[in-house]
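*Asks:* These protein sequences, in sequence, are chains A and B. Each residue of the first sequence is one higher than the one before, starting from 1 at the first, in our numbering. Each residue of the second sequence is one higher than the one before, starting from 1 at the first, in our numbering.
Source of the hints: derived by calculation from the structure; they are not laboratory data. Hints may be right or wrong, so weigh each one.
Said to hold, decoys possible - Partial pick of chain A residues on the chain B-facing surface, computed with a CB cut under 10 Å:
1) Pro38
2) Leu40
3) His41
4) Leu62
5) Tyr76
6) Glu90
7) Leu99
8) Val100
9) Asp148
Positions of the beta carbon are idealized from the N, C-alpha and C atoms, including for glycine.
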Amino acid sequence: MLKVEEPQPVHFSPALIEKFGEIVKRYPEGKHKSALLPILHETQAELGWLSSEAMDKVAAYLDIQDIEVYEVASFYSMYFLKPQAKFVMEVCRTGPCCLVGAEKIMDHLENKLGVKEGEVTADGLFSWRGVECLAACGYAPVLQIGPDYTFYENLTEQKVDDLINDLRNK
Amino acid sequence: MGRKLLLEHINVPGINTLDVYRQNGGYRAVEKALKNLTPDEVVEEVKKSGLRGRGGAGFPTGMKWSFLAKPEGVARYMVCNADESEPGTFKDRYLMTHIPHALIEGMIISSFALGASTSYIYVRGEMMPQIRILERAIAEAKNAGFLGKNILGTGYDLELYVQPGGGAYICGEETALLESLEGKRGNPRIKPPFPAIAGLYGCPTVVNNVESIAAVVPIINDGGEEYAKIGIGRSTGTKLISASGNLVRPGVYEIELGLPVEEFIYSDEWCGGIANGKRLKATVAGGSSVPVLPANLTLKLANGEPRLMSYESLSEGGFATGTMLGSGGFIAFDEDQCIVRNTWNFSRFYHHESCGQCSPCREGTGWMEKVLHRLEYGHGKMSDIDLLVNVAKNIEGNTICPLGDAAAWPVASAIRHFRDEFEWHVNEPAKALKTNYGLANYAEPIAKAEVTTGN
Ligand SMILES: Cc1cc2nc3c(=O)[nH]c(=O)nc-3n(C[C@H](O)[C@H](O)[C@H](O)COP(=O)(O)O)c2cc1C
Ligand code: SF4
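Bound conformation, chain A alone (with noise of 0.2 Å):
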């Protein structure tokens, strides 16, 4: 039998709305729309990924179509559509990175987190994916952790070895 999955109720914090107050005066009269990307951002930081039902949310919140929302949302690399690990590791893996040693990197994540491309440890703490290029070509290899974004330079593997120690005791 096909199993309907009951929508999850979700709650987004007085914080959260004053912020999406500010960002929509950024725009003209009627150009609220605009709104959408920093919002979706915004969204994702305090949820961590964006359920259907959040998505909903902000829709009725710019008065704009659901659909408009998922289009938007599944277009960007940066919005997940799925619940995350904590620390999603993103390395970079186009070309320049690739010339100084991002694929080592990758294995090397591969190897010491035990998961795959896109796969979660079992304590939810770390998952790892290649990404497009990251503009720090020159300080390559590098990774990325959101929400903030933080960057991580000139990787070595006893670096990556160094970080997950860290994330872990945070």
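Since the structure of chain A is provided, determine the placement of chain B with the ligands on it from the hints.
*Replies:* Just chain B with the ligands, lined up with the frame of chain A:
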């Protein structure tokens, strides 16, 4: 030492703050433009400077500004393109991180020149730290009266906002950027109409790269004619070069246009040569979209004269023996790098980033990725090489936006200059999996460049 116009004060502690930026001459250009010049005079100075767009296409900035439609009662917009996603390019991030006020000062002057009262800086979403830096700097500038209502008592009003992207290379294309800024998917628009006529919210709009906008500051301070004296021929001024790959000192450098490529790579003032004592095999001189060149054609033109870092010299010889300055993303490959693997990597990038609107781009990029993957992993056929040339040719010029060309050129140029390496992958699949083709296999070995320093 070359002249520095954008990065002159980069090492001054605290230059990211308004106070220190002002102590080093910051916001003088805003005072000068708003108090002593008319908007048209600002446009005139930028025209005289010969500044060409630093985002990749090299279109003259002053000319672009003069195309802006000015219908009565319709808002105009100035939008900064800080999407910076072209592989090999990381100069805008550097500028925004270290001297955010240079961009903000440039935005104020540009907006004034174009008659915009609301302007946006569209920053790629992954640059959250830079977004915070810019927001802080904007607040500082507003506090000091450089933004907001009645700036410096001149009656000019301007609000400046930072807009994050969502992670999509295509949003660097200016019409996709505008779609994204309107809260939509980043699908490029069919042109015409150009943004100068119908851009953001259907209003006349100018989109410029971060570096182009920052360059307006020294142009106003020193005058367009002074700026035009720097550089060579129609490549005026200085250019930020993002240097990456197998270099001793990768990083962002400000060069005077016209610097010999050889000096840029090998001189200790710049990149310091190829890392680990290896030899140079190839370069991609202007970001991943421009043709790859073997070492000999990187350093010298086909006629043996030195190649220079300028729009004209880098494109000398057309695509047969030349390339392009593009965004200034300079990627160096050492003798151990595999051209086939890198070409596959780039085509995976373009396939991933294609917005999917045009079938030649959507299907062609996927096809090229697949064929290159099988060549790299030892399952390729000899006919695959011509197949790639054919697919590339059929994408080029047949798409809505230049991403199609950008995907085709790296493949076509890699086969043009390194065909033997592709053939070797077909003939020696087992070896190709274990080792790289290297330099030793070339019939005409690429000479190790002599180190020359300027002066
Ligand atoms: C696929 C694609 C990606 C682009 N990415 C960027 C970018 O990241 N930054 C940029 O300034 N220009 C980019 N451009 C060029 C812009 O369309 C536009 O020409 C530029 O922003 C104009 O500014 P400029 O005249 O100051 O260079 C891109 C173009 C294409 C086709
Ligand atoms: S060329 Fe590619 S990226 Fe550009 S509009 Fe067409 S499908 Fe989209």
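*Asks:* May I ask you to test the interface hint for Leu40/A with respect to chain B, counting a Cβ-Cβ separation under 10 Å as satisfied?
*Replies:* At 7 Å from the nearest chain B Cβ, Leu40/A passes the 10 Å test, so the hint holds.
*Asks:* Tell me if the interface restraint on Tyr76/A is satisfied: Cβ within less than 10 Å of some Cβ in chain B.
*Replies:* holds (3 Å)
*Asks:* May I ask you to test the interface hint for Leu99/A with respect to chain B, counting a Cβ-Cβ separation under 10 Å as satisfied?
*Replies:* holds (5 Å)
*Asks:* Minimum Cβ distance from Asp148/A to chain B below 10 Å?
*Replies:* holds (6 Å)
*Asks:* Does His41/A meet its interface restraint, that is, does its C-beta lie within less than 10 Å of any C-beta in chain B?
*Replies:* It holds, given that the least Cβ distance between His41/A and chain B is near 6 Å, below 10 Å.
*Asks:* Quick check on the hint: Glu90/A CB to chain B CB, less than 10 Å?
*Replies:* Result: holds, 8 Å to nearest chain B Cβ.
*Asks:* Does the nearest C-beta of chain B fall within a distance shorter than 10 Å of the C-beta of Pro38/A?
*Replies:* Since the shortest Cβ distance to chain B is 6 Å, the answer is holds.
*Asks:* Would the hint on Leu62/A be counted as holding, given a Cβ-Cβ threshold of 10 Å to chain B?
*Replies:* holds (8 Å)
*Asks:* Have a go at the Val100/A hint: is there a Cβ in chain B nearer than 10 Å to its own Cβ?
*Replies:* Given a least distance of 7 Å, the restraint on Val100/A holds.
Of the numbered hints listed earlier, not one is contradicted by the structure.
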